[in-house]
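Chemist: On the provided structure of chain A, position chain B as indicated by the hints.
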Amino acid sequence: MTVPETTGYYFYGFVHTPRGEPRDTLPLPNEVDANDISTPLQFIHHPATTHHPDIVALVRAINPADFAATLRAELAQSGQQLAADSWVARQAVLHDAIISQYLPLGICPARFGTILPDEQALHTLLERSYNKVYSQLKKLIGKQEWTLRLWLNKHTRQTSADPVSGGRAYLQARRDSLITQSADHAQAAEVREQLETFLSSEGILYMSSERVPPSDAEQTGAAEVIVLLDSQQNQNIRAHYTNDARMTLELRGPFAPYTFSAIDIDDGTGTPS
Amino acid sequence: MSAAKRTNDNNLVELLDRVIDKGVVVAGDVRVSVAGVELIYINLRALIASSDSLERPTPPLVRPASTSSEQSD
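Residue numbers (this note's numbering), protein chains in the order written: chain A, 1 to 273; chain B, 1001 to 1073.
Bound conformation, chain A alone:
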């Protein structure tokens, strides 16, 4: 591996490691091509911390100027929209692959494209982050993020009255449509309320989603939430909804816990963390 001149660190996230973990070059995930990652992964410890020595920064040395130049070239080439196979999209996938490798240890993943200028900045970041990150990591270890979706199955809903003939047919159809939509909304609201109750009773952390599942001829989208699950909670959710003929459950994932690591590390001028 040829290591280019570097003046900064690409930051992947905070990792929980046993005390005394040596600062070694770390292996790349199997699915990552060494041609895409030209410098080794590293854990950076704070050299003098006595607070949380088991929290380290997962980084890779890079040249920020080169990174920025590649981004600019990509933007110039792509115009207003990146392609799914673009360099940036591939880098985002690599970002996730590297983060996912450390899920068993516990990782608070960083947002894509976070770069720090030098090792001193990493030490400063660790100092400012310990309390927030430690609190988060305790909740994340052993869990993965999923997108949970629920649909109401169409055949469970009330059907409209038989169509009538003549000019009344249109009005009747419109009336039936409105009745159906109203019933959909009412049932969806009920499903969401029941879901929230169930997640709370299971002690499952969840966040609202900005989307709802789509409706189609067979199903009506009812709810979408992002959940953080251990294996037992995953089984419990599936078991809870498997036998409910009224609705269909979908769990998409697993993902690294990006949604549950959405914390801001301030610049040191505000309230200390």
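Since the hints were made in silico from the structure, they are not lab data. Small disclaimer: the values here were computed from a predicted structure and weren't measured. Please note that the accuracy of each hint is not assured.
Below are the SDA-like pairs computed for lysine to any residue, each with C-alpha atoms no more than 20 Å apart in a straight line [as the list claims (entries may be wrong)]:
#1 A:132 - A:18
#2 A:132 - B:1027
#3 A:139 - A:230
#4 A:138 - A:241
#5 A:154 - A:241
#6 A:139 - A:190
#7 A:132 - A:46
#8 A:132 - A:54
#9 A:154 - A:190
#10 A:138 - A:18
#11 A:132 - B:1025
#12 A:132 - B:1011
#13 A:139 - A:54
#14 A:154 - A:179
#15 A:132 - A:142
#16 A:138 - B:1027
#17 A:139 - B:1025
#18 A:132 - B:1028
Counterexamples of contact, computed for chain A against chain B with all Cβ distances above 10 Å [what the hints assert, rightly or not]:
#19 48
#20 64
#21 108
#22 111
#23 142
#24 173
#25 187
#26 259
Note that the Cβ used here is the ideal one computed from N, Cα and C, for glycine as well.
Modeler: Relative to chain A, chain B alone:
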């Protein structure tokens, strides 16, 4: 389209949505401000939004109770 079919769609979209929009955000003096990275976020969002199979954004429908919602401390 069945739920099973939908399960196979949008993996990249969902992943990008998380990678560019979630996670630890480092602000201020310890971070290198890379010219263009914010535009990259915008363009990646455009890529996500342009996906044919992505659902129409809507307001949040389920609001987690304060005891179960994950927040930074």
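Chemist: Checking the smallest CB distance to chain B, is residue 173 of chain A really beyond 10 Å?
Modeler: Residue 173 of chain A clear of chain B: closest Cβ-Cβ about 24 Å, beyond 10 Å.
Chemist: Can we confirm that no CB of chain B comes within 10 Å of the CB of residue 142 of chain A?
Modeler: 15 Å, holds
Chemist: Given the proposed pairing of residue 132 of chain A with residue 1027 of chain B, does the C-alpha separation stay at or below 20 Å?
Modeler: 15 Å, holds
Chemist: Does residue 108 of chain A clear chain B by more than 10 Å, comparing its Cβ with all Cβ atoms of that chain?
Modeler: The assertion about residue 108 of chain A is violated, with a minimum of 5 Å to chain B.
Chemist: With a cut-off of 20 Å on the C-alpha distance, tell me whether residue 138 of chain A and residue 241 of chain A pass.
Modeler: 28 Å, violated
Chemist: Take a quick look at residue 111 of chain A and tell me if its Cβ sits farther than 10 Å from every Cβ on chain B, holds or violated.
Modeler: Violated, since 4 Å does not exceed 10 Å.
Chemist: Regarding the assertion that residue 64 of chain A does not contact chain B, is the least Cβ-Cβ distance greater than 10 Å?
Modeler: 5 Å, violated
Chemist: Would you mind confirming whether the straight-line C-alpha gap from residue 139 of chain A to residue 54 of chain A stays at or under 20 Å?
Modeler: Distance of about 15 Å is within 20 Å: holds.
Chemist: Within 20 Å, alpha carbon to alpha carbon, are residue 132 of chain A and residue 1025 of chain B?
Modeler: At roughly 12 Å apart (the allowed maximum being 20 Å), residue 1025 of chain B and residue 132 of chain A satisfy the hint.
Chemist: Just to be careful, I want the Cα atoms of residue 139 of chain A and residue 190 of chain A compared with a cutoff of 20 Å; is the pair within it?
Modeler: 29 Å, violated
Chemist: Check the hint pairing residue 132 of chain A with residue 46 of chain A against an upper bound of 20 Å on the C-alpha distance.
Modeler: Holds. Residue 132 of chain A to residue 46 of chain A sits at ~16 Å (cutoff 20 Å).
Chemist: Taken at face value, is the distance from the CA of residue 142 of chain A to the CA of residue 132 of chain A at most 20 Å?
Modeler: Given pair residue 132 of chain A, residue 142 of chain A holds - Cα atoms ~18 Å apart, limit 20 Å.
In summary, the structure is inconsistent with hints 4, 6, 12, 16, 20, 21, 22, 26 from the numbered list given earlier, while agreeing with the others.
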